[in-house]
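One-letter residues, chain by chain:
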Amino acid sequence: MKIPQQPMPEQDPNERRSNINEVALGYTEEQARIEAMRCLDCKNAPCIEGCPVQIDIRSFVKQIADGKFTEALDTIKQTSLLPAVCGRVCPQETQCQETCTLGKVMKDPMKAVSIGRLERYVADRCAEQSESPKVAEDTGKKVAIVGSGPGGLVAAADCRRAGHKVTVFEAFHKPGGVLMYGIPEFRLPKELVAKEIETLKQMDVEIMCNFIIGKTRSISQLMNEDGYDAMFLAVGAGLPRFMNIPGENLIGVYSANEYLTRANLMNAYKFGSESDTPIIRGGKVAVIGGGNVAMDAARTALRLGAESVKLIYRRTEKEMPARIEEIHHAKEEGVEVNILKSPIEYKGDEEGWVKSMVCQSFELGEPDDSGRRRPVPIEGSEEEFEIDTVIVAIGNKANPLLRRATPELEYNKWGNINIGENCETNLPGVYAGGDAALGAATVILAMGHGRTAAKAINDYLAEKS
Amino acid sequence: MAHRIVDKEKLSENVYRMEIEAKYVAEAREPGQFVLIAYDNDRSERIPLTIADVDLDKGTITVIFQAVGKSTIEFASLNVGDSFDAVAGPLGNPTDIEKYGKVVCVGGGIGNAPLYPIVKALKQAGNEVISILGARNKELLILEEQFKEISDEIITVTDDGSYGRKALVTEPLGELCSKGEIDLCVAIGPAIMMKFCCQTTKKYDIPTIVSLNSIMVDGTGMCGGCRVEVGGETKFTCVDGPEFDGHKVDFDQLIKRLGSYKKYEQQAAAEHNCKLEGKL
Ligand SMILES: Cc1cc2nc3c(=O)[nH]c(=O)nc-3n(C[C@H](O)[C@H](O)[C@H](O)COP(=O)(O)OP(=O)(O)OC[C@H]3O[C@@H](n4cnc5c(N)ncnc54)[C@H](O)[C@@H]3O)c2cc1C
Ligand SMILES: Cc1cc2nc3c(=O)[nH]c(=O)nc-3n(C[C@H](O)[C@H](O)[C@H](O)COP(=O)(O)OP(=O)(O)OC[C@H]3O[C@@H](n4cnc5c(N)ncnc54)[C@H](O)[C@@H]3O)c2cc1C
Ligand code: SF4
Ligand code: SF4
Ligand code: FES
Chain A
0 MKIPQQPMPE QDPNERRSNI NEVALGYTEE QARIEAMRCL DCKNAPCIEG CPVQIDIRSF
60 VKQIADGKFT EALDTIKQTS LLPAVCGRVC PQETQCQETC TLGKVMKDPM KAVSIGRLER
120 YVADRCAEQS ESPKVAEDTG KKVAIVGSGP GGLVAAADCR RAGHKVTVFE AFHKPGGVLM
180 YGIPEFRLPK ELVAKEIETL KQMDVEIMCN FIIGKTRSIS QLMNEDGYDA MFLAVGAGLP
240 RFMNIPGENL IGVYSANEYL TRANLMNAYK FGSESDTPII RGGKVAVIGG GNVAMDAART
300 ALRLGAESVK LIYRRTEKEM PARIEEIHHA KEEGVEVNIL KSPIEYKGDE EGWVKSMVCQ
360 SFELGEPDDS GRRRPVPIEG SEEEFEIDTV IVAIGNKANP LLRRATPELE YNKWGNINIG
420 ENCETNLPGV YAGGDAALGA ATVILAMGHG RTAAKAINDY LAEKS
Chain B
0 MAHRIVDKEK LSENVYRMEI EAKYVAEARE PGQFVLIAYD NDRSERIPLT IADVDLDKGT
60 ITVIFQAVGK STIEFASLNV GDSFDAVAGP LGNPTDIEKY GKVVCVGGGI GNAPLYPIVK
120 ALKQAGNEVI SILGARNKEL LILEEQFKEI SDEIITVTDD GSYGRKALVT EPLGELCSKG
180 EIDLCVAIGP AIMMKFCCQT TKKYDIPTIV SLNSIMVDGT GMCGGCRVEV GGETKFTCVD
240 GPEFDGHKVD FDQLIKRLGS YKKYEQQAAA EHNCKLEGKL
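Which chain is which? The protein sequence lines are A and B, in order. For reference, each letter of the first sequence is one residue, going 0 to 464 in numbering that gives the first Met the number 0. For reference, each letter of the second sequence is one residue, going 0 to 279 in numbering that gives the first Met the number 0.
Worth double-checking, as some hints may not be accurate.
Partner residues aside, some chain B positions facing chain A, computed with beta carbon under 10 Å [said to hold, decoys possible]:
#: 1; residue: H2
#: 2; residue: V24
#: 3; residue: E26
#: 4; residue: C222
#: 5; residue: G224
#: 6; residue: R226
#: 7; residue: V227
#: 8; residue: C237
Calculated lysine-lysine pairs in the BS3-like style (CA-CA distance at most 25 Å, straight line) [claimed, not checked]:
#: 9; chain 1: A; residue 1: K412; chain 2: B; residue 2: K234
#: 10; chain 1: B; residue 1: K262; chain 2: A; residue 2: K283
#: 11; chain 1: A; residue 1: K141; chain 2: B; residue 2: K22
#: 12; chain 1: B; residue 1: K22; chain 2: A; residue 2: K200
#: 13; chain 1: B; residue 1: K201; chain 2: B; residue 2: K234
It should be emphasised that the hints constitute simulated quantities derived from the structure, not laboratory data. Note that the structure is a prediction, hence the values are computed from the model and not measured. We treat Cβ as the ideally placed atom computed from N, Cα and C, and that holds for glycine.
Produce the entire structure from the sequences given, and follow the hints as far as they go.
Right, dumping it as structure tokens:
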């Protein structure tokens, strides 16, 4: 018997484009169990290999099919600390679902067992039941975690569980990293992130916000004067890239980081009543890029009242790094996807406001180093669009702040922190991971690093005593 | 962490000095650096203010600010004993303090506040310092006494002649430059003032440092909102500055970018004032 894939219930596109509530509503119990029954219970379970932290997917899916939801969550929690987050934001089609046998049979990873949706289902369902992890007896050792994104949060929990005193240092005024300031509410409710942070606090993890390592205190001060025995650097990727084309510094041209931070972290969508941080709203918006960040920015612009949102991408939809689901959602909500185009100039008015953009068209040529076909500009294809706001979402470079403050730390040629197999750096007791080491990566990879580093730190501290 | 206000003083019509508890910031700070400060983490904007002074024994920093809009007006309404939710820093690169020789330091309006610690450090490094302090009128001229203590010579000017010489700061600056002995100029004040100071010193090829006051969000290089063109390259004020070679800064662009949110700010300030009036 063939069981059909269970669709994810979603808010209606016309309604959701004007609210910030979560788009995907989550499975019902019945849907979850039916979906879980699609699993073929493969002997070698190739899905597990596809998950960066190797969750025992086959077992938890089976437990869901059997209606044993609490057990399913326990299975997941053996390896992943934040299933409610990963179930929502993991690019499953290139991870666990890419290697799933059912997906292979159906010739489409989107048609594989909906592993992420199932993970989310149990996490949400059992949210109230899960208690904060047990903490071992005090070891008298101190661990500093720098950055409170997914990498830092996971490492903090794991080091604290081993009985070390843990302090998380965060530059912003709220912990959570990209989960708070980048990924919008309609994809990842902030309440979920806040809850995870509450759990850490219950475990007596100290969180110091508005504390910038490299500025407020340095790495060597923490290690040599403040008595920290080990440290995990998970400071993220930081510095936004621009294209260096004329007019890019006109008013109304934002980096996606700034646009999303104003909207999410600083609550600019509530400007006036509940927030003092403004953001340029409405009008004609262009978003440059084709990744998750570009999709988030485009969909956020719609919710801030944009008249129209054009997404401008240099290659075709097939090459877009964004998740298929995100592209689909963006289009449903009314984002116009313009492929094979790229801006070459922005023009402004007297007062310095961006008014139009000149775009050039491209065609695809030979594959480049990344294996994707290289876009080649078409001569004489320039066209001009009227525009009020531009959001540049073409990736990040390594943030220079910690690097300048810590010349003794080794970096690779991309400016990311150089790490070994166990996330160790060249400095004794100092570990690093997540986007700070990988460049822009994913939530689950950052968490995986958090786990690896915490284990290495715990081993290192056990040896040291 | 709450940061308590331990002292507050009104320096002029709408300029205030506040001493705030921020132990780590005080310890780490060097002249030229700033903090991002917010009253309420849930709602407030993070406002960049230069650290004018520190007291290591008390673990406090001093900021001097002008109440110009929603957030700074709110700061001005706070009193000793109230607390800020966030005082993050010290951010930005410290001033390059060296022995240059004869240095002329120009402060305009509220710019005197960020200028003060730099003058103090330059003096300590053995430089001869001439300070030119300017303001629209007598009432708005701040920190004159403090500058007197640390400057070899002081020249005060006001736009309306209500105090000191009736002139713009560029006049005495031009005169000093033309005499030839100036090794360095430091100019801090409204963007338009810095622009004209740089035009003045450029004629005499006198290296000029300015400190820019771009609009900021995070102050750590993450958002790019503070970007400005320097020597044809885009720089981030918070991590590459706030001080730059004034002869290379595109001031017109800076001035325009400072106006980004005028419309919204006016709305916020108006609503805020309505609320305040309602309470009175
Ligand atoms: C808009 C957007 C959408 C995304 N969507 C997805 C998605 O759908 N799926 C997915 O898997 N991934 C997604 N990603 C990528 C993912 O969010 C990141 O890979 C992940 O958050 C990296 O985690 P991290 O712990 O390394 O660092 P971050 O989450 O970047 O956190 C780093 C933290 O460190 C703090 N910090 C920086 N410097 C210092 C310092 N010197 N001192 C103290 N604190 C400091 C920062 O303020 C920040 O809070 C998205 C990213 C963005 C921006
Ligand atoms: C590195 C740095 C150091 C600074 N140091 C000081 C200081 O020591 N003392 C001080 O009073 N101010 C300082 N400023 C400027 C201060 O941050 C702004 O005055 C403040 O952000 C205004 O916020 P607001 O909400 O009160 O006013 P808003 O409502 O945001 O603005 C009100 C008016 O002020 C103008 N304005 C907005 N932002 C700025 C800005 N960044 N600079 C100048 N004008 C602006 C607007 O155009 C508007 O007309 C500094 C800025 C930077 C970047
Ligand atoms: S953590 Fe991500 S990759 Fe791993 S099973 Fe869950 S959804 Fe798949
Ligand atoms: S690969 Fe797919 S079908 Fe096979 S066990 Fe894993 S989830 Fe089930
Ligand atoms: S304030 Fe965000 S990069 Fe400078």
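Verification of the hints:
Because the smallest distance between the Cβ of B/H2 and any Cβ of chain A comes to about 9 Å, under 10 Å, the interface hint for this residue holds. Nearest Cβ of chain A to the Cβ of B/V24: about 6 Å, under the 10 Å cut. The hint holds. At its closest, the beta carbon of B/E26 sits 9 Å from a beta carbon of chain A; the interface hint therefore holds under the 10 Å criterion. A least Cβ separation of about 4 Å between B/C222 and chain A falls short of the 10 Å threshold, and the interface hint therefore holds.
A least Cβ separation of about 5 Å between B/G224 and chain A falls short of the 10 Å threshold, and the interface hint therefore holds. Of the supplied interface hints, the one on B/R226 holds, with its beta-carbon coming within about 6 Å of a beta-carbon of chain A, less than 10 Å. A least Cβ separation of about 7 Å between B/V227 and chain A falls short of the 10 Å threshold, and the interface hint therefore holds. The beta carbon of B/C237 is positioned within 10 Å of a beta carbon in chain A (closest approach about 9 Å), and the interface hint is therefore held.
For the proposed pair A/K412 and B/K234, the alpha carbon gap of about 21 Å is at most 25 Å, so the pair holds. Simply put, B/K262 and A/K283 have alpha-carbon atoms about 18 Å apart, close enough for the 25 Å limit, and the pair holds. Among the hinted pairs, A/K141 with B/K22 is consistent with the structure: their alpha-carbon atoms are about 21 Å apart, no more than 25 Å. The suggested pairing of B/K22 with A/K200 holds, with an alpha-carbon distance near 24 Å, which does not exceed 25 Å.
A threshold of 25 Å between alpha carbons decides the hint, and for B/K201 with B/K234 the separation of about 21 Å falls inside it, so the pair holds.
Hint violations for this structure: none, all hints satisfied.
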